[in-house]
Amino acid sequence: MELRPLCVMFLSLIIRPSRTQHFTAESLSLSCEDQSDSTGWTVRLYTHNETSFNCSSVSGSTCNISSLSTSHTGVYWCQSESGGRSNSVNITVHNGAVILDSPVHPVTEGRNLTLRCLFRNPNISVASVDFYKDDTFLQNQTTGEMIISTVSKSDEGFYHCKHPERGESLKSWVSVRGEKFI
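According to mature numbering (1 follows the signal peptide of the UniProt record, and there is no 0), the sequence shown holds residues -20 to -1, 1 to 162 in order.
Possibly wrong hints are sitting among the right ones.
No more than 27 Å apart at the CA atoms, straight line, and that leaves these computed lysine-lysine pairs for DSSO-like [unchecked claim]:
hint, residue 1, residue 2
1, LYS113, LYS151
2, LYS142, LYS113
3, LYS113, LYS133
4, LYS151, LYS133
It should be emphasised that the hints constitute simulated quantities derived from the structure, not laboratory data.
Based on the provided sequences and hints, a complete structural model is requested.
See below:
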């Protein structure tokens, strides 16, 4: 049996700011990055049963969107000219007053998970915010932030937050992956 070297490409789609929910009119940067070379990669978007994406400003393998709209909601990934693909990332653009700051990529088991309720108007008093998982109330926080210590697969689900006066965020899926052993 002949042994051949295994070539593993570590390609990622990097989102800045790094969260799944964004307000309309905010800016967003999407970068295709790998450990060897980031040229020849383009950002793709799947939404409403079609794959297409016209980036308003491209610099190398980075797409910069200066003013998000709800039409930017969808699944994004990087694709090479030869057909290679990166991880996929769900991005939701909301025109409401509240969004949930949740991680773009899966959280590793055993790590902490931090969720934040963000407001379009940064001068809003947090007062108290309710956090939910799969529509079940979890806890109330006066800081607008909830930390789940030592996450496990049972913490996977749809999360959202709710402000008593400003309304609630949309739901975001938080996935948990097994602990990495090296």
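### Message
Which constraints among the numbered hints does this structure fail? Numbers only, ascending.
### Response
none
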